Amino acid sequence: MKILVCISNVPDTTTKIKFAAGNTSIDTAGIQWVINPWDELSLTRALELKDDTSNGIKSVTVIHVGPAASETTIRKALAIGADDAVRVNAEPLDAYYTAAQIAEVVKKEQFDVVFCGIESSDFNGSTVGGMVAEFLGVPSVSAVSGIKFENGQAVLTREIDGGKETVTVSAPCVAIVQKGIAKEPRIAAMRGIMMARSKPVKVFEPVAVEPLTQVVEFEKPAPRAACKYIDAENPRQLIELLQNEAKVI
Amino acid sequence: MSVLVYTENWDGKFKKLSYELVSYAAGVAKMNGTSVTAVSVGRVEEAELKQLGNYGASKIISVTNENLSQLDSQAYAGVIAEVAAKEGSKVIIIANNNTGKAIAPRLSVRLKAGVGSGVSKLPVNHNPFTVYKRTYSGNAFAQLVIKSDIKILTLAQNSFDLVPSSNTATIENYTANVDGSTVKTSVTNVEKQTGKMLLTDADIVISGGRGMKSPDNWSPLVELADLLGGATACSRPVSDEGWRPHGEHTGQTGKIIAPNLYVAVGISGATQHLAGISSSKYIVAINSDKDAPIFESAQYGIVGDALKVLPKLVEAVKE
Ligand SMILES: Cc1cc2nc3c(=O)[nH]c(=O)nc-3n(C[C@H](O)[C@H](O)[C@H](O)COP(=O)(O)OP(=O)(O)OC[C@H]3O[C@@H](n4cnc5c(N)ncnc54)[C@H](O)[C@@H]3O)c2cc1C
Ligand SMILES: Nc1ncnc2c1ncn2[C@@H]1O[C@H](COP(=O)(O)O)[C@@H](O)[C@H]1O
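Sequences listed follow chains S and Y, in order.
In terms of my numbering, the first sequence is residues 1 to 249.
In terms of my numbering, the second sequence is residues 1 to 319.
Note that these hints are calculated values from the structure, not bench results.
No experiment lies behind these values; they were computed from the predicted model shown.
It is possible that some hints are incorrect.
Ranges of calculated distance between the beta carbons of each label pair, as one might list FRET restraints [said to hold, decoys possible]:
#1 A225/S with L198/Y: 23 to 31 Å
#2 E191/Y with M194/S: 26 to 34 Å
#3 E315/Y with E184/S: 49 to 57 Å
Pairs of lysine-lysine, DSS-like flavour, derived with a Cα cap of 27 Å [as the list claims (entries may be wrong)]:
#4 K16/S with K255/Y
#5 K164/S with K148/S
#6 K308/Y with K247/S
#7 K164/S with K196/Y
#8 K18/S with K196/Y
#9 K16/S with K228/S
#10 K281/Y with K247/S
#11 K247/S with K290/Y
Even for Gly, the Cβ is constructed at its ideal location relative to N, Cα and C.
Construct all of the structure, not just a fragment, from the sequences and the given hints.
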C-alpha cells in the first residue's frame, strides 16, 4: 500500500500578516514558512502506520503544489521521515486548481490512501481534500480524528456534533484529517535531516486547469474597541455591562 | 434559478444554524432577484420542514432514500448536485460545519463551481460575484471573486442574524436515485452525547486556560456557564493536560466558534487561540497579568486572580 500526504506551505502561525502594495497579496518578507499544522500531524500518523509493518505500507510520499521556493518545506517533510516527494511546479492558484494537480499525480502514481488536512492556515478553505477525492471519483471521509487499517480496510474515526462515529472504507480513498489524528508532530532528528538531502523529489509540470476563484484584495480585520476595565473587587459591574450595554446576557 | 440551501437536520429536527442558512440564502436571493429553495435529506416531519419558510424559503425539496441514512459525502454531493441542476440554481449555500466541509468541495468539482468558504457576510458584489472571506486564521480577510457560473458559499455558524419572513413554503418530495452499491463508506459505530449544549451552538461560552491552575478549580467556571445557559471551553494546553475534555479546546487546531459572548479566564491570548474565537461578538478577559495579549482583543477586562473573581461573578449572576 502507498500513502500520499498533501502538504501545504504556510506562514508560521505566529506571523503578523502584512500585505504587499495594493493589498492584493501578502508581504512575504521575513516570513518563516512551515508545514501546515494538520499536514504535519497527518504525516506523523502516516509514518506511525508505516512503522507498524503489519499494515504493509510500502511508502509514504508527500506532495506539494508550489514553486521551487517551497522546496525547503518539502525537505523538512523528508527529514521527518517521508520516503520521497512530489512537487507540482506551479503557484497554487486556488483550491480547485491545486486539487486538480494533486489528483493528476495520484492517477499517474497510483496511491491507495491520500491524507489531506482539514484546513490550511493561510487560505482557510477546507476544500482541497474533498476536491481531490471528487476529481478521482473515490470516497472521502472528512473530520477524521483517527485512522487505522483492519482487514485491508481503513477504519476511521469521524467527529460529528457532540460525538464521533467509526467509518470503514476500502482504498483507494481520501482521509481529511483534524485534531486527534496524531498526538504530537514528529520532529526531524539529525539523521533524518542528513538522509533528507538524498531523498528523491520528483518535479511535475502542472496540467492546464482554469482556477474558479481569485483573491482580489486583502484587508485587516476591523479593530476592536479598546478594552473597558472593571475593578477586580467589583465584578458585579461586568454583569451589569453585559446585560445593559452589550446586551448579551 | 433559485438560490439553493442545504439544510442539514439532526434526528429530524432543524436548529438555529439551519435558520441562519435560510436567512442568508434569502439575503442572497434578494440581491439577484430570485427565491430560496431548501433541500433537506432524510426523514423530517412536514411541520418541521415548514419552519424553513419562516426564514424565507419558498420551496422545500425533501429527499428521502434509505441509502442516505448516514453521511457519505460522495452520495450527498451527488444528490445535491441533482437537485441544483433540476432547480437551475446558480448559488448554493451550505454550512461551514463538519458536514458542509465534507460535501461542498465534492459538489464544487461536480458542478465546476467555485467555493467561497467560511463566509459570514452577504456577498460584497453580485457581478463580479465577490465574497468577503476569512483568511490567515482570522488575521486577514480577503475579497474573493468567484468566476464560475455556479457559486458555492459555506456559511460560518453563528455569524449571520436570523431574518424572520412571512413566506409559506411549498413542500416537494423528491425520490433520489441512489444505488446502494455506490455508497462506499459505512458507519459501524456511533457514540453521541445527548442533552448537552454543543460548544458550536452556544451563544455564551466560558473558557478556561492554564491560569485556572488545576483541574480542581473548574467548578465556579462551570457554574457560571450553567447559570448563563452557556457552554464551557478551554485552551489547548488545558485539554492536552487532560484537565478538560478534548472537545472543549478552541483555537486554530480546535473548534472555531463565534458566540455572542466569549469569556476567556486565565488565557493569555496566543494567536493560535484567537484564531478560534476572534469572531465572537463580545470577548471578556479575566487575567492576572495586565499586559496579557488577550486584553487587546477584549471589550471588557478584569485584571485579577481568576480564582477570586469567578466566585464573585457567580454570586452576582445569582442575584
Ligand atoms: C501550531 C500550533 C497550534 C496551536 N493551536 C492552539 C489552539 O488551537 N488553541 C489554543 O488555545 N492554543 C493553541 N496553541 C498553543 C498556543 O500557542 C498557546 O500556547 C496556548 O493558547 C496557551 O494557553 P493558555 O493561554 O491557557 O496558557 P498560558 O499561555 O500559559 O497563559 C496562562 C494565562 O493565565 C494567566 N494567569 C495565571 N494565573 C492566573 C490567575 N490566578 N488568574 C487569572 N489569570 C492567571 C497568565 O497571566 C497567562 O496570561 C497552538 C500552538 C501551536 C504552535
Ligand atoms: N499547495 C498545496 N499543495 C499540497 N497540498 C495542499 C496545498 N494546499 C492545500 N493542500 C492540502 O489541502 C488541505 C486543506 O487546504 P485548504 O483547502 O486550503 O484549507 C491542506 O491541509 C493540505 O493537506
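Given the hint that K164/S pairs with K148/S, does the C-alpha gap stay at or below 27 Å? holds, 15 Å
Can the restraint linking K308/Y and K247/S be considered satisfied, given a maximum Cα separation of 27 Å? Within the cut-off at roughly 25 Å; holds.
Assuming the hint says 23 to 31 Å, is it satisfied by the Cβ distance from A225/S to L198/Y or not? holds, 29 Å
Given the hinted pair K18/S and K196/Y, is their Cα-Cα distance within 27 Å? Violated, at roughly 41 Å.
Verify the proposed pairing of K16/S with K228/S, using a straight-line Cα cut of 27 Å. With Cα atoms ~25 Å apart, K16/S and K228/S stay inside 27 Å; holds.
Is the straight-line distance between the alpha-carbon of K16/S and that of K255/Y 27 Å or less? Since the Cα atoms of K16/S and K255/Y sit roughly 22 Å apart, the hinted pair holds (cutoff 27 Å).
Beta-carbon spacing of E191/Y to M194/S - inside the hinted bounds 26 to 34 Å or not: violated, 44 Å
27 Å Cα cutoff - pair K247/S, K290/Y: holds, 26 Å
If you draw a straight line from the CA of K164/S to the CA of K196/Y, is it 27 Å or shorter? holds, 15 Å
Take a quick look at whether K281/Y and K247/S sit within 27 Å of each other, Cα to Cα. holds, 11 Å
E315/Y versus E184/S beta-carbon gap, inside 49 to 57 Å or not: Roughly 41 Å apart at Cβ, these two residues miss the hinted range, so it is violated.
The structure fails to meet hints 2, 3 and 8 from the earlier list, while all remaining hints are met.
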